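Build out the structure end to end from the sequences listed, making use of the hints.
One-letter residues, chain by chain:
There are 2 protein chains.
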Amino acid sequence: MKNGAHGLIETLVKSGVDVCFANPGTSEMQLVQAIDQVPGMRPILALFEGVVTGAADGYARLARKPACTLLHLGPGLANGVANLHNARKALSPVVNVVGDHAAHHLRYDAPLTADVEGIARPVSHWVRSATSPADLARLGAEAVAVAGGVPGKVATLIAPADSAWTDLPADFEAPPKIASEPLSPASSTRIEHAAKALKHARNPVLLLGGDALNGEGLRHAGRIAAALPVRLHTETFNRRLERGAGRVPVGIVPYFGERALELLDGADLLVLLGAKRPVAFFAYPNKPSVLVPDGCEVVPVAGPADDVVAALAALADALGAPATPKIFQPALKIPAVTGPLDSQLAARVIARCIPEGAIVVDEAITGSLYAQQASIGSPAHDWLQLMGGSIGNGLPLAVGAAVACPDRKVICLEGDGSAMYTVQALWTMARERLDVINVIYANRSYAILNIEFERVGVGAPGPRALSMLDMSGPSLQWTEIARGMGVNSARVETAETFESILRGMLRERGPHLIELVLPAKP
Amino acid sequence: MKNGAHGLIETLVKSGVDVCFANPGTSEMQLVQAIDQVPGMRPILALFEGVVTGAADGYARLARKPACTLLHLGPGLANGVANLHNARKALSPVVNVVGDHAAHHLRYDAPLTADVEGIARPVSHWVRSATSPADLARLGAEAVAVAGGVPGKVATLIAPADSAWTDLPADFEAPPKIASEPLSPASSTRIEHAAKALKHARNPVLLLGGDALNGEGLRHAGRIAAALPVRLHTETFNRRLERGAGRVPVGIVPYFGERALELLDGADLLVLLGAKRPVAFFAYPNKPSVLVPDGCEVVPVAGPADDVVAALAALADALGAPATPKIFQPALKIPAVTGPLDSQLAARVIARCIPEGAIVVDEAITGSLYAQQASIGSPAHDWLQLMGGSIGNGLPLAVGAAVACPDRKVICLEGDGSAMYTVQALWTMARERLDVINVIYANRSYAILNIEFERVGVGAPGPRALSMLDMSGPSLQWTEIARGMGVNSARVETAETFESILRGMLRERGPHLIELVLPAKP
Numbered sequence: 001m002k003n004g005a006h007g008l009i010e011t012l013v014k015s016g017v018d019v020c021f022a023n024p025g026t027s028e029m030q031l032v033q034a035i036d037q038v039p040g041m042r043p044i045l046a047l048f049e050g051v052v053t054g055a056a057d058g059y060a061r062l063a064r065k066p067a068c069t070l071l072h073l074g075p076g077l078a079n080g081v082a083n084l085h086n087a088r089k090a091l092s093p094v095v096n097v098v099g100d101h102a103a104h105h106l107r108y109d110a111p112l113t114a115d116v117e118g119i120a121r122p123v124s125h126w127v128r129s130a131t132s133p134a135d136l137a138r139l140g141a142e143a144v145a146v147a148g149g150v151p152g153k154v155a156t157l158i159a160p161a162d163s164a165w166t167d168l169p170a171d172f173e174a175p176p177k178i179a180s181e182p183l184s185p186a187s188s189t190r191i192e193h194a195a196k197a198l199k200h201a202r203n204p205v206l207l208l209g210g211d212a213l214n215g216e217g218l219r220h221a222g223r224i225a226a227a228l229p230v231r232l233h234t235e236t237f238n239r240r241l242e243r244g245a246g247r248v249p250v251g252i253v254p255y256f257g258e259r260a261l262e263l264l265d266g267a268d269l270l271v272l273l274g275a276k277r278p279v280a281f282f283a284y285p286n287k288p289s290v291l292v293p294d295g296c297e298v299v300p301v302a303g304p305a306d307d308v309v310a311a312l313a314a315l316a317d318a319l320g321a322p323a324t325p326k327i328f329q330p331a332l333k334i335p336a337v338t339g340p341l342d343s344q345l346a347a348r349v350i351a352r353c354i355p356e357g358a359i360v361v362d363e364a365i366t367g368s369l370y371a372q373q374a375s376i377g378s379p380a381h382d383w384l385q386l387m388g389g390s391i392g393n394g395l396p397l398a399v400g401a402a403v404a405c406p407d408r409k410v411i412c413l414e415g416d417g418s419a420m421y422t423v424q425a426l427w428t429m430a431r432e433r434l435d436v437i438n439v440i441y442a443n444r445s446y447a448i449l450n451i452e453f454e455r456v457g458v459g460a461p462g463p464r465a466l467s468m469l470d471m472s473g474p475s476l477q478w479t480e481i482a483r484g485m486g487v488n489s490a491r492v493e494t495a496e497t498f499e500s501i502l503r504g505m506l507r508e509r510g511p512h513l514i515e516l517v518l519p520a521k522p
Numbered sequence: 001m002k003n004g005a006h007g008l009i010e011t012l013v014k015s016g017v018d019v020c021f022a023n024p025g026t027s028e029m030q031l032v033q034a035i036d037q038v039p040g041m042r043p044i045l046a047l048f049e050g051v052v053t054g055a056a057d058g059y060a061r062l063a064r065k066p067a068c069t070l071l072h073l074g075p076g077l078a079n080g081v082a083n084l085h086n087a088r089k090a091l092s093p094v095v096n097v098v099g100d101h102a103a104h105h106l107r108y109d110a111p112l113t114a115d116v117e118g119i120a121r122p123v124s125h126w127v128r129s130a131t132s133p134a135d136l137a138r139l140g141a142e143a144v145a146v147a148g149g150v151p152g153k154v155a156t157l158i159a160p161a162d163s164a165w166t167d168l169p170a171d172f173e174a175p176p177k178i179a180s181e182p183l184s185p186a187s188s189t190r191i192e193h194a195a196k197a198l199k200h201a202r203n204p205v206l207l208l209g210g211d212a213l214n215g216e217g218l219r220h221a222g223r224i225a226a227a228l229p230v231r232l233h234t235e236t237f238n239r240r241l242e243r244g245a246g247r248v249p250v251g252i253v254p255y256f257g258e259r260a261l262e263l264l265d266g267a268d269l270l271v272l273l274g275a276k277r278p279v280a281f282f283a284y285p286n287k288p289s290v291l292v293p294d295g296c297e298v299v300p301v302a303g304p305a306d307d308v309v310a311a312l313a314a315l316a317d318a319l320g321a322p323a324t325p326k327i328f329q330p331a332l333k334i335p336a337v338t339g340p341l342d343s344q345l346a347a348r349v350i351a352r353c354i355p356e357g358a359i360v361v362d363e364a365i366t367g368s369l370y371a372q373q374a375s376i377g378s379p380a381h382d383w384l385q386l387m388g389g390s391i392g393n394g395l396p397l398a399v400g401a402a403v404a405c406p407d408r409k410v411i412c413l414e415g416d417g418s419a420m421y422t423v424q425a426l427w428t429m430a431r432e433r434l435d436v437i438n439v440i441y442a443n444r445s446y447a448i449l450n451i452e453f454e455r456v457g458v459g460a461p462g463p464r465a466l467s468m469l470d471m472s473g474p475s476l477q478w479t480e481i482a483r484g485m486g487v488n489s490a491r492v493e494t495a496e497t498f499e500s501i502l503r504g505m506l507r508e509r510g511p512h513l514i515e516l517v518l519p520a521k522p
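Residue numbers (my numbering), protein chains in the order written: chain A, 1 to 522; chain B, 1 to 522.
If you're looking for bench data, these hints aren't it; they were derived computationally from the structure.
Misleading hints may appear alongside valid ones.
Copies of the same chain look alike in the list, so a pair counts if it fits in one copy or across any two.
No farther apart than 25 angstroms at their CA atoms in a straight line, the calculated lysine to aspartate or glutamate pairs in the DMTMM-like style are these [to be verified]:
#1 Lys287 x Asp167
#2 Lys287 x Asp135
#3 Lys196 x Glu258
#4 Lys287 x Asp115
#5 Lys199 x Glu262
#6 Lys196 x Asp294
Predicted, not measured: the structure shown is a model, and the values here were computed from it.
Below is the structure:
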């Protein structure tokens, strides 16, 4: 006899969801049993829920479809909220399955009773709670449809234990996959207006985001750049940027507002294609929030959730652009480097070693900038970033990316501060033998905060302030943390050792970790 | 010139809050500066927010006043929500200070923009957002008053960056401490009714919770037991239970419902004093939610948030009880044990070693039961437990308890599964040189889930199910994880080694970790 849990898992599999990142508890045991018994769903255990939700984000960015998560009531969901925030900002489709007490048990306010819907709502586009076993399956199909592909949404389905354990009607059949709403196309009026503005602009910029940075989107952007003199830029942070040798090159708007305004200085037209108007990451006293130079017209064509590929194609056609781009990034050979490591030398080693088809996950914060710059001419690769600003996204993203693309190398560039939030991801990498090389930038500091402390205008930090920005005393020993979770590791202090160890690890399969011993100041 | 951040920190200090568990970011830099410049606030950095909020819970249970937390916008708060859920269920007073973007910056939907209030509400009794620097200070005083002492509440104060960085009026003075609402006293009618019922009952039980288990509360409970034949019991999980040799002994209602009903079988009266009617932790098919035997009258006198000490005193007086209890727990000498460790042998070693005045934090789940039973006659100590069921509370509780009571030994009994959720706490223990001995029950399994899997009635788990319950492949190496975070560690496999290592660690100060290698089945 099938119960509601069987019905839900059958439905998810029928709708194309076949990976479940999980950290279940007692109220999810029927769902665990159903995953065991229904063919087609691969469970992947994580030892903390932030790993579960961040992995679902990384998986979606590569697989272009949702994974499901399996989370233990309100508090288990809460542990996953920060990375659901990041997934939401990345427009990654995610289907959360969250257990809850049986409906009749809620009134007794047992210890784990919590407002599951209230916890879900701030990070979910859609929240529903099942009222029967058949309803659970029906809502499962709806959740997958809502989540959609890339760009997508976060759908949270609450599964009360009794909906999971109660038998389904004898004639139950898993509902069929429901088609997702199509993406909004750009209006022809907007495209005409943008085409006209581009023809008349002296110094136009296309600001690209989302799928404008992948495959067909990037090709059409390159066509436009072949038709008229226009700069191609991306936002500071990108869900997945295809770059490297042979790809249409795009410049990246810098993180610090002053630098962003310098880059855009002189631009008289900014056309938004899958991107939003550039704004400061944080507010600062006496600094602007909007990073658009005075006198620059902003023309939105497609937003991040719209069909930007179609918009780019239509715009290229309207401009009479050629069928293919003209400018491609040439391969750049970086000379070998030696000496005590800093972020710049580390960047060059990474740029020298990135293999064709690699997926680079970038959450090294102050270290990322150099790595990004140095690798523009490395063999073609994808660059994945933190989209919601909540650090602790990188290692889980790497888990998800490696699950989605088992035949590609994943290189995860991580700040030591960022890595700690979801360090449990290392264990899942070891458990699943994921092909990930984690590069930890061990500067023993929230280095970005030392910079920001000065930027917010409060002078130099005193000792009590420093104690909140600095991570030394004791210094984290990343090689031991990694080994403790079953991941092979090495600590390196020079560029030449880094390169030889990294090359060795790239020749092997399975997870590795390299701790880069870096000075505290970037 | 003072700004809003200075005003808030001055106000918190003036209101008696002098410890800040912190994980700040850019939007909190003015608050970091103010902690640096205003005397009287001790900042304690944690590398994950679940450690911050769990430490505030542990601190409050011992200090009987709130610490404040410092958290980075919505996602930083979200990472602390699970342990705020636990703190809320423990009725621990906590004052959260959560940074947010400057008000004028919110409309731009920068990456970290989130619904901070929405994230706070499910775990907060009170949520406010400041609208000016003076308002920030005023709300700070109000938050401390709302949080109160023990039992207390969770108050969340959102501090937009501009409220923190804007100058205060020249005549600003930090507002004075506001008195908290007094606890509700028990009605004399209820006390009379309970006294009468107790005199007539054949087999009465007092179910004690909260402050009924500490100091005066426990004394009055012991007086009642001296006046008439009544069993004293506590709920399964307790905020802080004073126990051991020389203390009034109380029995604990077991976790599994069947066992709880067995214990209470035959009782005809259950008087609730700081406790709620016993209910099952989870719902199960065909098992009851309420764990009160048929025919047993339930008489609530004081709830967990009421003045249970006054209620106990009044009830003891109404019963004409003597001034002091008659029955005290005798010291029990446990014989030395040897051989390969299991949870039962480990329990005896712990019971033999608990020093006078120790604080035992108990989150060893399947291992806890034996440790609790074995230590009833150990030297007097406090026993702290997970109140909200969201595992990952133990190590942070130990941090907070050690900060509140630097002269007492803290022994933290942790399941390996539970420990992983907030493993970053080890680093804070090392940073602050906290006197905590962490005992990790390394059975490499969510052992409780293996039991629950059978209890929910779905038979034996198959391989895919097992992969979600089992934490081997790879096994966590706790000694390496601890060393990686600066904590001295040892792995033990026999009872005699455990005892000799534990005794050695108890002679030293500072944090330690012992990994108990245990069989997977409890």
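Right, here's what the structure says about each hint:
1. In this assembly of identical chains, lysine 287 and aspartate 167 lie within 25 angstroms of each other by CA distance solely across copies; the values are 17 angstroms between and 61 angstroms within a copy.
2. Proximity of lysine 287 to aspartate 135 under the C-alpha cut-off of 25 angstroms is restricted to the inter-copy arrangement: shortest distance 24 angstroms between copies versus 51 angstroms within a copy.
3. Taking the closest pair of Cα atoms, lysine 196 and glutamate 258 never come within 25 angstroms of each other, the shortest separation being 30 angstroms inside a single copy and 77 angstroms across copies.
4. Proximity of lysine 287 and aspartate 115 under a CA criterion of 25 angstroms is satisfied inter-copy only: 24 angstroms between copies versus 39 angstroms inside one chain copy.
5. Proximity of lysine 199 and glutamate 262 under a CA criterion of 25 angstroms is satisfied intra-copy only: 23 angstroms inside one chain copy versus 84 angstroms between copies.
6. Proximity of lysine 196 and aspartate 294 under a CA criterion of 25 angstroms is satisfied intra-copy only: 21 angstroms inside one chain copy versus 82 angstroms between copies.
Of the numbered hints given earlier, the model fails hint 3 alone.
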